Amino acid sequence: MEGFIAELKDKIIETLGLTDVRPEDIPVDGQLIGSELGLDSIDVLELVMMIEKDYGVKIENREVGVKVFASLRALAAYIDANRREKDR
Amino acid sequence: MNGVRAFVCGTGIVSAAGEGVEATWGALRRGTSRLTPLALFPAAHTPPLPVGEVRDVPEVDGLPRTHALAWMAVRQVLAATTLTPDALVLGSTTGGMPTTERLLEAGERRPEAYRHHAVGSVAAWLARRLSCRGPVITVSTACSSGTAALKIALELIRCGQARVVLAGGADALCRMTYYGFHALQLIDPAGARPLDRDRRGLSVAEGAAFVLLVAAESPPVGALAELAGAGWSCDAYHPAAPRPDGTGALAAMRAALADAGMTPAALDYINLHGTGTPDNDLAEARAVRALCGDPPPVSSVKGLFGHTLGASGAIEAVVSALGIHRGFIPGNCGCRIPDPALGLLPELAGQSRPVRSVLSNSFGFGGNNASLVLTAPLSAGPARPPRPLARFSVLGTACLTGAGPLEETLARYWRGEPFSGRPDLAAVRTEIPAGQIRRLKRLSRMVLLLALAARQAARPPAAPGGIFFGTAWGSLTETHDFLKKLFDSGERFTSPTDFVGSVHNAPASQAAIFLEATGANVTVSGGDHSFEQALYTAGLVLRAGDPPALVIGAEEDHDVLSPCFDAAATADGGGAFLLDPRGGGTGPDLVPVHFAFNPGGDDGLPALIESLGGAARIAERFGAVFVGLPAGDRSGGEAQLERFRRETAFSSPVVDTRRFTGEFAGASAVAAVLAVETVRRGALPPALAGGEDPRLGGRGILLLGLGEFITAIEVSAP
Numbered sequence: 001m002e003g004f005i006a007e008l009k010d011k012i013i014e015t016l017g018l019t020d021v022r023p024e025d026i027p028v029d030g031q032l033i034g035s036e037l038g039l040d041s042i043d044v045l046e047l048v049m050m051i052e053k054d055y056g057v058k059i060e061n062r063e064v065g066v067k068v069f070a071s072l073r074a075l076a077a078y079i080d081a082n083r084r085e086k087d088r
Numbered sequence: 089m090n091g092v093r094a095f096v097c098g099t100g101i102v103s104a105a106g107e108g109v110e111a112t113w114g115a116l117r118r119g120t121s122r123l124t125p126l127a128l129f130p131a132a133h134t135p136p137l138p139v140g141e142v143r144d145v146p147e148v149d150g151l152p153r154t155h156a157l158a159w160m161a162v163r164q165v166l167a168a169t170t171l172t173p174d175a176l177v178l179g180s181t182t183g184g185m186p187t188t189e190r191l192l193e194a195g196e197r198r199p200e201a202y203r204h205h206a207v208g209s210v211a212a213w214l215a216r217r218l219s220c221r222g223p224v225i226t227v228s229t230a231c232s233s234g235t236a237a238l239k240i241a242l243e244l245i246r247c248g249q250a251r252v253v254l255a256g257g258a259d260a261l262c263r264m265t266y267y268g269f270h271a272l273q274l275i276d277p278a279g280a281r282p283l284d285r286d287r288r289g290l291s292v293a294e295g296a297a298f299v300l301l302v303a304a305e306s307p308p309v310g311a312l313a314e315l316a317g318a319g320w321s322c323d324a325y326h327p328a329a330p331r332p333d334g335t336g337a338l339a340a341m342r343a344a345l346a347d348a349g350m351t352p353a354a355l356d357y358i359n360l361h362g363t364g365t366p367d368n369d370l371a372e373a374r375a376v377r378a379l380c381g382d383p384p385p386v387s388s389v390k391g392l393f394g395h396t397l398g399a400s401g402a403i404e405a406v407v408s409a410l411g412i413h414r415g416f417i418p419g420n421c422g423c424r425i426p427d428p429a430l431g432l433l434p435e436l437a438g439q440s441r442p443v444r445s446v447l448s449n450s451f452g453f454g455g456n457n458a459s460l461v462l463t464a465p466l467s468a469g470p471a472r473p474p475r476p477l478a479r480f481s482v483l484g485t486a487c488l489t490g491a492g493p494l495e496e497t498l499a500r501y502w503r504g505e506p507f508s509g510r511p512d513l514a515a516v517r518t519e520i521p522a523g524q525i526r527r528l529k530r531l532s533r534m535v536l537l538l539a540l541a542a543r544q545a546a547r548p549p550a551a552p553g554g555i556f557f558g559t560a561w562g563s564l565t566e567t568h569d570f571l572k573k574l575f576d577s578g579e580r581f582t583s584p585t586d587f588v589g590s591v592h593n594a595p596a597s598q599a600a601i602f603l604e605a606t607g608a609n610v611t612v613s614g615g616d617h618s619f620e621q622a623l624y625t626a627g628l629v630l631r632a633g634d635p636p637a638l639v640i641g642a643e644e645d646h647d648v649l650s651p652c653f654d655a656a657a658t659a660d661g662g663g664a665f666l667l668d669p670r671g672g673g674t675g676p677d678l679v680p681v682h683f684a685f686n687p688g689g690d691d692g693l694p695a696l697i698e699s700l701g702g703a704a705r706i707a708e709r710f711g712a713v714f715v716g717l718p719a720g721d722r723s724g725g726e727a728q729l730e731r732f733r734r735e736t737a738f739s740s741p742v743v744d745t746r747r748f749t750g751e752f753a754g755a756s757a758v759a760a761v762l763a764v765e766t767v768r769r770g771a772l773p774p775a776l777a778g779g780e781d782p783r784l785g786g787r788g789i790l791l792l793g794l795g796e797f798i799t800a801i802e803v804s805a806p
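Which chain is which? The protein sequence lines are A and B, in order.
Under the numbering used here, the final residue of the first sequence carries the number 88; numbering is consecutive throughout.
Under the numbering used here, the final residue of the second sequence carries the number 806; numbering is consecutive throughout.
Quick caveat, the hints were computed from the structure, so don't treat them as lab data.
Any given hint might turn out to be false.
[Unchecked claim] Covered stretches of chain B, as calculated for chain A (at least 3 residues, CB under 8 Å):
{"hint": "1", "stretch": "581-595"}
{"hint": "2", "stretch": "780-793"}
[Unchecked claim] Quick list of simulated restraints, FRET-style, between CB atoms:
{"hint": "3", "chain 1": "B", "residue 1": "E200", "chain 2": "A", "residue 2": "K53", "range": "34 to 42 Å"}
{"hint": "4", "chain 1": "A", "residue 1": "P23", "chain 2": "B", "residue 2": "A515", "range": "34 to 42 Å"}
{"hint": "5", "chain 1": "A", "residue 1": "V28", "chain 2": "B", "residue 2": "P549", "range": "49 to 57 Å"}
{"hint": "6", "chain 1": "B", "residue 1": "R118", "chain 2": "A", "residue 2": "Y55", "range": "45 to 53 Å"}
{"hint": "7", "chain 1": "B", "residue 1": "D382", "chain 2": "A", "residue 2": "G30", "range": "42 to 50 Å"}
The structure presented is a predicted model; accordingly, all values stated were derived computationally and were not measured.
A virtual CB, placed ideally from N, CA and C, is assigned to each residue, including glycine.
Make the full structure from the sequences, and use the hints.
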């Protein structure tokens, strides 16, 4: 899982153009949206697109989104679980 | 004339409810949704979502669908009147996009295929068809465009610039908006249910509506309503989401009521923006509750027509005028159980009752809010004397050119050297952290840098209230990147960020966020005269005592799209001014004098010369003419310039500004900045005086724009 979290950090930086952010600046267990990173609702939707495109996992509505984007660890776990479910 | 009021004396409308007022009226009376699954183009990978689609749009001269829809509405207005419009104002966001996106996907690269791409091309085509030689303005403030168009039309009448104005909005369904709103998860799969407890979003739709607005002291025979006032504001909060507490929306409603000289208690009905998105309806309900302790009947018609984007404000103005004329309040189609969290109960079913006054709201991306007040056409009303266009004193200037910012540009200019090219934005110093501007691509970044620099240049510092921005082509990088990702993925993926950034008003509304500019935020578009249009619009709406405003013209040169849309472009950049509408300050004044569409030839020249006070006054006031001759119609412009010289016998230097700014639609904004700096210095760079005396002799500079429009801006010496 730690390897996947590191991968996601790189994807987030690339997808959102966070040129002045290093991977270690992104909190793993802390709040992802509305934190010092300055991410907002549009960034969430941009990540939703990236996750569907790169991992085949859909995050379709706000209620699910709020839970899934609570932290990077929660996001990684959600993608991982749903990706595996599909692979089965 | 003692006073002037603006009356709605004709309407035309087309939407998913059909073509014409009677079809619309029937749909409003029945109150059942006209939303149907998308059929216009195949929806990829998902079941087609409910949309408001117009059936049987006729083919009009091979024009894009937006143009055809606009014509369907305009021809209704023309068929019912003997009046000829002397001005035209259109709100639109898509312009030629329905055709452009198909052409780009097919790899078409020939510029002639894209000649109706520009959002301003709809109004230009209509004006040509109507032989209109007056002001022609296209306002593109996302979903408030249609309402903003009526606001500008009202001010044209109040300033005595026009007597009969055709004003409205038009937008067509296309993949850009369909997939864009989908990517933002703002579409309700069950069809829009405004104000409903279970609402999940809007339904994208298309349509067009126009009103014929006539200047008169008392209601002309057949007047349906009076446009008593209109107001606008900017949230300056977020590129897409509304300010949650509704204070931005509230400011627009209050401004409209104040403009009409009315109190909230006098309202019989509020036509809500009511898109059906959770955030919009909540913020709007808060705003309405803050405006009226005990609100009048309210409803949204977007569950019936869908959200027709730039057309919606005009469609709802027609619906409101009908409501006044026929005594009817439309029901809030689509709402079954009103959301208790809103604290606002809409009229669930339509009802017949007298309606004397309506407030109609429209709010768009970028927090661009606009509201208007329509009233019954009573014989007694607050007629006010016509007022002149505002005269601006220049508080600060900024530009970006191939040479860089203002200082570097001026260094080359004084040496008489050209500075055409693309500014290196990365080299421009700014105090804003990179993280905060990471989403701003080229045009939005240029506009922000220009806005900050113009504000910084003011002595003493002054904060802008409003921002007026002119752009011919809008944010090309975002538009390109959005469509490329869409097509490359077989319509599976898009970028919500690029969609939000692609709207023409994105640059000005993003700048408003950084500058906390909560006044009017107006983006207009009209080819190579977009900057002139922005300054003219600012002159129409601002008055002495208003806070300073930014007026900006800028354009980006894009490797793929610019050769298609504007093949002549060799450069990009722009210019910006911080202006005080009081005028008469210690610096030069910038005065919009003339702005008229020119459907061909040089017949518009006598009107221009007359606006400037005649040949003798021109020689007396101006030590030089700076002329913009866009490459698109250079020979036409040269013929017009020749006639200007002949009829005025102007003998001081005439400077062809595009020779040193380079060729691009925002060049006139740069030329205006240089004209101001030249007047400050009192002399032209000797190399540009063509062997004549470069000194201005205490006089100002006349900025002429020729070609498809004929425009004049006076830079007067202090």
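- Item | Hints violated by the structure (listed by number, smallest first) | 2, 4 and 5
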